[in-house]
Amino acid sequence: MIGTCLRASAVAALIVATSWSSARPSLAGDADDSWREIANNAFNGRPLADGSGLITLEMPARAEDAAVVPATMRTNLPVGDTRTLRSLTLVIDENPSPVAATFNVGPGVTMISTRVRVNSHTKVHAVAELSDDRLYVVDTYVKASGGCSAPMANSAEENATKIGQMQFRQFTKTAEPANAPREAQIMVRHPNNSGLQRDQVTLYYIPLFIVRQLRVWQGDQLVLEMDGGISISENPNIRFSYAPNGASTFRTEAIDTDGHVFKGEWPVEPAT
Amino acid sequence: MGRKICCDANWASGADETRQMSSLGSRPLRSAAVIPLFIGLLLGTTATPTYSQEVIEPLSVEQIASGIYVHSGEIALMSAANEGAIANVGFVIGDKGVAVIDTGGSVREGRRLLAAIHQITDKPILYVINTHGHPDHVFGNAVFQPPTVFVGSHNLPREMAERGPYYLNSFRSAMGALLDEVKIVPPSVTVDDQMQLDLGHRKLTLTAWRASHSDSDLTVFDESSGVLFAGDLVFLRHIPVLDGSLRGWLKTIDELAKLPAKSVVPGHGPASAPWPAAIDSERDYLERLQSDCLDLIKRGIPLAAASQLAAASEKSHWELFDEYNARNATAAYSELEWE
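Protein chains in written order, with numbering that gives the first Met the number 0: chain R, 0 to 271; chain P, 0 to 338.
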């Protein structure tokens with residue numbers, strides 16, 4: 000089952016496993032060939048500059064649970080750098096569909112954290128587009144296995160009745176001005192079936208069934224838009240920073256591959 | 000050495016720890032006799048003639064009550080070196096026949112369990128009862144053949160169907176060729192709520208539980224001796240492993256504690272321990288995990304950081320803590336953050 004899931008050679012994994020320090024542009028080797036091919040396709044051949052010192056990608060070196068691996072991307076621009084973030088793309092090189100998600104962001108977003116499936120030992124890239132129209136890349140290495148084809152979490156039946164349920168959390172920081180950056184989290188109940196999990200009774204693969212788009216607005220202003228792939232974990236969960244714009248509500252909308260549309264509206268909580 | 004081959008099923012993997020048989024209770028049975036088994040008869044077409052030459056050393060088992068025998072597994076991760084024999088497995092003998100409770104982590108362990116049974120009784124094996132679907136409890140199932148009847152929770156067939164092939168794949172690097180003979184054998188008789196099995200002047204009460212340690216937990220209670228086979232609803236020494244529902248497990252523990260049992264056979268730990276005192280350490284751990292996760296969620300600490308913090312204070316109380324605690328915390332946090 001995992002065999003069907005692997006897309007690059009085992010040699011590639013071995014090469015990168017021997018020594019790799021994070022946040023470094025590509026070296027020569029098979030893994031980098033596969034990355035170049037992915038990057039070419041995903042970014043239409045646009046050049047990727049070294050993003051060290053501008054963006055960061057945090058993931059555990061060894062996943063505790065390959066089906067739920069936290070990944071956090073941040074901009075880390077030098078003081079006085081006026082560039083802003085437009086989008087972040089998370090690429091899990093050795094996953095069957097490497098582009099995990101692309102996040103287009105509104106004003107003030109500098110951090111996005113989500114949870115992904117990781118199918119094998121793999122390099123993971125974060126690619127940021129900044130307001131200078133250029134792409135910047137950093138990477139890290141994660142040891143995990145079987146995340147994409149791993150069976151759904153337990154109590155799956157119970158959760159199936161709750162598909163589309165949303166929660167929205169706003170995190171408060173004390174003693175900060177009302178316009179200081181804040182963090183919020185959107186959670187959507189959804190099995191996010193990768194299409195690679197197999198029903199062993201029928202021997203058919205469980206069909207692809209994922210949240211393909213998730214959007215968050217502050218008032219009428221788009222804060223975050225995720226185009227998601229099969230690598231996003233069950234019950235998609237995104238935590239992000241944003242700049243408060245004075246609106247009184249957040250709106251959220253999720254659309255899945257079966258065309259279901261789930262919506263939520265949430266009053267803005269004071270920053271106390 | 001693939002110590003942690005599969006993060007989604009890490010009651011695999013090969014830790015090297017070995018442990019002497021605990022000598023609680025009566026003397027361990029360990030005969031020098033070897034029992035060559037004609038595996039071709041047992042395994043049908045998968046067998047090759049070389050197996051008939053194989054020397055099977057019976058599993059060491061302790062008699063923990065009259066007619067009840069238990070092999071206490073190593074506190075370790077499954078590996079080729081330990082033949083997957085990390086869980087407690089046992090059998091109960093009645094007038095009419097035998098019920099086997101869990102079959103171990105490999106066909107080889109299952110075969111050694113069968114040899115241990117044959118050393119003690121020639122009564123027929125009426126039932127194989129699986130306490131849940133994890134590999135260290137069911138990978139020996141293929142050793143037992145009709146007319147033996149397999150019994151498990153009503154959730155077990157689905158869980159085995161969904162996860163069995165995944166387990167076979169992901170345990171390959173830790174177990175190697177020992178997996179070649181393993182087959183996923185689901186129960187033909189399932190327990191919705193409760194069921195009694197009569198072994199002849201010996202009634203076993205089987206109870207299926209809500210999602211707790213796993214989705215398919217089942218206990219076996221022998222009224223005549225007061226022995227409760229708890230499967231992995233009870234861990235001792237080995238850190239509890241959460242693969243079902245933390246809330247459910249805590250609720251189940253409260254109900255289990257009220258059972259009129261005298262002693263428990265935990266899924267991992269000594270062959271038996273006094274009941275209900277044996278539940279205390281596990282309850283402490285799970286309650287700590289729950290309260291820490293709730294607090295971390297409330298404070299807005301993200302999952303990645305929380306998984307390293309939750310229940311960290313429990314470390315000194317458990318073996319295999321580093322192998323499982325962060326994973327438990329990840330599961331608990333993911334469950335509780337929806338409340």
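These are computed hints drawn from the structure, not numbers from a lab. Please note that a few of the clues may not be correct.
DSBU-like, lysine-lysine: derived pairs with alpha carbons at most 30 Å apart [to be verified]:
#	chain 1	residue 1	chain 2	residue 2
1	P	Lys314	P	Lys297
2	P	Lys297	R	Lys161
3	P	Lys182	P	Lys257
4	P	Lys250	P	Lys314
5	R	Lys161	P	Lys250
6	P	Lys297	P	Lys250
7	P	Lys95	P	Lys202
8	P	Lys314	P	Lys261
9	P	Lys95	P	Lys261
10	R	Lys142	P	Lys314
11	P	Lys122	P	Lys250
12	P	Lys261	P	Lys182
13	R	Lys262	P	Lys202
14	R	Lys142	P	Lys182
So, partial list: chain P residues that the calculated Cβ filter (under 7 Å) puts toward chain R [what the hints assert, rightly or not]:
#	residue
15	Gly175
16	Ser223
17	Arg287
18	Gln307
Listed below are several chain R residues computed to face chain P (Cβ distance under 10 Å; list not exhaustive) [stated by the list, open to error]:
#	residue
19	Arg73
20	Asn75
21	Ser96
22	Arg168
23	Arg188
24	Pro190
25	Arg211
26	Ser232
27	Glu264
Think of the CB as a built atom: it goes at the ideal place given N, C-alpha and C, for glycine as much as any other residue.
Chain P contact restraint on Glu264 of chain R - CB to CB distance below 10 Å: Check failed: Cβ of Glu264 of chain R comes no nearer than 19 Å to chain P, outside 10 Å.
Interface restraint verdict for Pro190 of chain R against chain P (beta-carbon cut-off 10 Å): violated, 12 Å
Hinted contact Gln307 of chain P with chain R - closest CB pair below 7 Å: Gln307 of chain P check fails; min Cβ-Cβ to chain R is 9 Å, beyond 7 Å.
Closest C-beta approach of Ser223 of chain P to chain R relative to 7 Å, hint status: violated, 34 Å
Pair hint outcome, Lys95 of chain P versus Lys202 of chain P [Cα-Cα no greater than 30 Å]: This hinted pair holds, its Cα atoms lying about 11 Å apart.
Agreement of Lys95 of chain P and Lys261 of chain P with the hint, judged by alpha carbon distance not exceeding 30 Å: With Cα atoms ~24 Å apart, Lys95 of chain P and Lys261 of chain P stay inside 30 Å; holds.
Given pair status - Lys250 of chain P, Lys161 of chain R, alpha carbons within 30 Å: holds, 22 Å
Straight-line alpha-carbon gap Lys314 of chain P to Lys261 of chain P, limit 30 Å: holds, 29 Å
Straight-line alpha-carbon gap Lys262 of chain R to Lys202 of chain P, limit 30 Å: Violated. Lys262 of chain R to Lys202 of chain P sits at ~54 Å, over the 30 Å cutoff.
Proposed proximity, Lys161 of chain R with Lys297 of chain P (alpha carbon, max 30 Å): Holds - the C-alpha atoms of Lys161 of chain R and Lys297 of chain P are around 23 Å apart, at most 30 Å.
Hint consistency between Lys261 of chain P and Lys182 of chain P [alpha-carbon to alpha-carbon, up to 30 Å]: Distance of about 35 Å is beyond 30 Å: violated.
Hint check: 10 Å Cβ-Cβ cutoff, Arg188 of chain R to chain P: Given a least distance of 8 Å, the restraint on Arg188 of chain R holds.
When each numbered hint is compared with the structure, violations occur for hints 3, 11, 12, 13, 15, 16, 17, 18, 19, 20, 21, 24, 25, 27.
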